[in-house]
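Residue numbers (full-length UniProt numbering), protein chains in the order written: chain Y, 1 to 192; chain C, 1 to 192; chain S, 1 to 192.
Some clues are possibly wrong.
For identical chains, the list gives no copy identity; a pair is met inside one copy or between any two copies.
Unchecked claim - No more than 20 Å apart at the CA atoms, straight line, and that leaves these computed lysine to aspartate or glutamate pairs for EDC-like:
1. LYS95 - ASP49
2. LYS78 - ASP25
3. LYS141 - GLU79
4. LYS11 - ASP22
5. LYS141 - ASP25
Treat the hints as calculated values from the structure; they're not laboratory data.
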Amino acid sequence: MVRLYTRSGDKGRTRVIGGTRDKDDIRVEAYGTCDELNAFTAKAEAVLDKQLFPDIAAELTRIQHELFDCGSDLASVKEDAVWKMDDQPVSRLEKSIDVYTEEAPELQRFILPGGSSAAAELHICRTIARRTERIITALAKEETMNGEVLTYINRLSDYFFAAARVVNSRMNVADVEYERSAVVFRAHHDKT
Amino acid sequence: MVRLYTRSGDKGRTRVIGGTRDKDDIRVEAYGTCDELNAFTAKAEAVLDKQLFPDIAAELTRIQHELFDCGSDLASVKEDAVWKMDDQPVSRLEKSIDVYTEEAPELQRFILPGGSSAAAELHICRTIARRTERIITALAKEETMNGEVLTYINRLSDYFFAAARVVNSRMNVADVEYERSAVVFRAHHDKT
Amino acid sequence: MVRLYTRSGDKGRTRVIGGTRDKDDIRVEAYGTCDELNAFTAKAEAVLDKQLFPDIAAELTRIQHELFDCGSDLASVKEDAVWKMDDQPVSRLEKSIDVYTEEAPELQRFILPGGSSAAAELHICRTIARRTERIITALAKEETMNGEVLTYINRLSDYFFAAARVVNSRMNVADVEYERSAVVFRAHHDKT
Ligand code: B12
Ligand code: B12
Ligand code: B12
Ligand SMILES: C[C@H]1O[C@@H](n2cnc3c(N)ncnc32)[C@H](O)[C@@H]1O
Ligand SMILES: C[C@H]1O[C@@H](n2cnc3c(N)ncnc32)[C@H](O)[C@@H]1O
Ligand SMILES: C[C@H]1O[C@@H](n2cnc3c(N)ncnc32)[C@H](O)[C@@H]1O
Ligand SMILES: [Mg+2]
Ligand SMILES: [Mg+2]
Ligand SMILES: [Mg+2]
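Produce the entire structure from the sequences given, and follow the hints as far as they go.
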């Protein structure tokens, strides 16, 4: 039988791929947060009606595997590391985002996260993806890491936003606009 | 069609209101955590029985708008910023807290977060409000920001506590006291 | 009536046991995260089918009390503090982990967090326990604290993993292996 606990980490030191680190190391924080995001993605998937949303359910499983790929890349300190993440998953996410954005009602102002229970879970994933992105940004300043991971996590938060909207739309739940919002979403966004 | 992703943030830099910041900037951490709290508030609302708790459901929607107001204030670095948050929402929260505290059984010792599913969600909101407060406290030390936001988030965590208790009380679920708790809640609290 | 809000913390300063601290102090971050973990544990408990899982439900309640013990120890800055946590809870967790590991299918590769809704909640607890461990690790470097708390929280994350697996197993939900996983779990693990 596998003995799950090895007791070796009881004093705050742990193994990474190709080395050891303190548990409060920024790298451990990064893949630990990625793991947290993975768990919340699982929750969103568990709540989602598979009949109504076969496309999103399948996509969420794919994302879980990719979050593990991200975790592997972030956990490795090997000089000759071969990265698992490349730019393919980002392209796939972008396609889904465009499809979902077409399907959901047009958007001009910020909307309150929420609506249906599944949409609320996806908004939670969105904000935890953004928390993950913030910590990876800090890691990237200090240590070598795979830049594709950062791009992927950035796009992933937009994916969760688009998915949350399409879930509400298919369930006939209207998103509530933030009542003091300016017009913030624009077709040809002026990037000054 | 709005194109949700602009790709401009793929390298860890982003726009705030009136400037740009690194994504691991403490200010971005602050309104990002506010956004996370907003998403969890949505979840609590989705779980809540609207028949039994019309008052709390309405209040949670109000809070979501106010969390956006907080986010706006925190995201702005304009010299001449006009703040969205003032002291009115805090007064309203205090009134609700007093009403809920009267309705729920009296309290002397710490209680375990939980009970019904809705109460558990509200306790989650309570602790994430407190996480938000901690990061805003750090921001306030370093940069200009609207002090009303800090007061509001502090009171909000007490609101979530009071709401969780009244939810259990109306559902006839008894809160479980922490078994090794001292008497910690007192009517006329000695603030030494 | 108890007045829940004292307004004394509106400017970012607060009381600990035997002193005061800024709210963004690492110690406050540590027991605040412990409190967050406690709330998520409550959520997992609320979702769990009590008929099918009387053992895990009871264990989760026990864990909630122990997380309060951890919180007490972390919140105290008294020179002559008497700690609440000792090594007994860790031994009990280890026994449960071994029992659950026997009951669930054998494990060689990483699995995706998730499956049933209850298992997803337990995986969320697992990752938040690990977040708690990271911040306590940072605290332990800087200030006096009870080392048993660190060991307990480390083992607790393994407990949540084992519990998630047994929940899926009893519900006949198969855990999905991470598709690019190496063989990572081993009976006699080489600790080099
Ligand atoms: C702050 C902010 C947030 C905050 C919200 C703040 C809060 N209240 O809590 C948070 C972090 C929550 C957030 C989240 C998101 N955001 Co945002 N956000 C911004 C930001 C920085 C400011 C928006 C704002 O409030 N502006 C205040 C208004 C008053 O200022 P303004 O936009 O400059 O507009 C004024 C003037 O310029 C003028 N004006 C401007 N345009 C025009 C056009 C015409 C014709 C006229 C007459 C006048 C005029 O009128 C306005 C009113 O005075 C913008 C970027 C930016 N600097 O604009 C992105 C931005 C709006 N966000 C964006 C996105 C994508 C999102 C998210 C989907 C990201 C995600 N994946 O989670 C979510 C959606 C959240 C939701 N629930 O709807 C994108 C939208 C892209 C697009 N296609 O339009 C932007 C533009 C950033 C970017 N990528 O470049 N965001
Ligand atoms: C640590 C702490 C927490 C921790 C809990 C710690 C843990 N175990 O995990 C956390 C962060 C979880 C927490 C949460 C909350 N807390 Co708190 N917490 C405290 C704190 C700092 C210490 C409490 C404690 O454990 N004391 C240990 C005991 C042994 O010490 P003691 O209280 O000093 O009492 C001893 C002696 O003084 C003496 N004694 C004291 N009074 C009296 C009176 C008499 C008549 C006698 C004879 C003797 C006696 O006997 C006691 C036993 O030896 C107090 C502030 C403080 N310094 O007291 C606030 C405090 C109790 N919390 C408070 C609040 C509001 C909350 C929350 C509702 C906040 C929120 N919105 O989330 C939640 C509720 C959580 C819950 N689930 O019930 C308030 C209560 C206000 C009130 N009206 O009474 C306090 C007083 C802080 C404040 N604002 O001033 N808290
Ligand atoms: C990174 C990592 C994680 C990451 C996952 C990374 C990601 N992709 O996101 C995260 C943080 C998510 C994680 C979580 C967990 N992990 Co982990 N993790 C690791 C770590 C550091 C690396 C694993 C890895 O990917 N290795 C990459 C492979 C390619 O390298 P390798 O293992 O060295 O194996 C290669 C060679 O050495 C060779 N080889 C090795 N052994 C053998 C044997 C034979 C016979 C042969 C022929 C060849 C061979 O072949 C392999 C392929 O090339 C290991 C410790 C370590 N350094 O190994 C722990 C480790 C696997 N984890 C462990 C545990 C317990 C867990 C958790 C249960 C902890 C928890 N409570 O949450 C969870 C489970 C998660 C899940 N969902 O299944 C334990 C397992 C203990 C055991 N009894 O085996 C380990 C060993 C750490 C420890 N305590 O010592 N983990
Ligand atoms: C939509 C707005 O959200 C903010 N933003 C961009 N990335 C993140 C992140 N990872 N976390 C929090 N906020 C972020 C920026 O201010 C952007 O303009
Ligand atoms: C009830 C107790 O909770 C602690 N406390 C006050 N504010 C926060 C916060 N934002 N996060 C965590 N803990 C906090 C203080 O120790 C207070 O006395
Ligand atoms: C299983 C793997 O998880 C990592 N690890 C160990 N403890 C933590 C923690 N608290 N948070 C995140 N990751 C952790 C180590 O890399 C270990 O080898
Ligand atoms: Mg982005
Ligand atoms: Mg407070
Ligand atoms: Mg561990």
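- [ ] Classify it for me, LYS141 with GLU79: is the Cα-Cα distance of at most 20 Å met within a copy, between copies, both or neither?
- [x] within (17 Å within a copy, 29 Å between copies)
Open item on the list: As a check of your reading, is LYS11 near ASP22 (CA-CA no more than 20 Å) within one copy, between copies, both or neither?
Closed with: within (9 Å within a copy, 27 Å between copies)
Open item on the list: Treating 20 Å as the Cα threshold, decide for LYS141 and ASP25: within, between, both or neither.
Closed with: Both: 14 Å inside a copy, 12 Å across copies.
TODO: State whether the alpha carbon distance between LYS95 and ASP49 is at most 20 Å within one copy, between copies, both, or neither.
DONE: For LYS95 and ASP49, neither the intra-copy (22 Å) nor the inter-copy (37 Å) Cα distance is at most 20 Å.
- [ ] First find the shortest C-alpha distance between LYS78 and ASP25 inside one copy, then the shortest across copies, and answer within, between, both or neither for a cut-off of 20 Å.
- [x] Close inside one copy (16 Å), not across copies (28 Å); limit 20 Å.
Violated hint: 1 only; the structure is consistent with all others.
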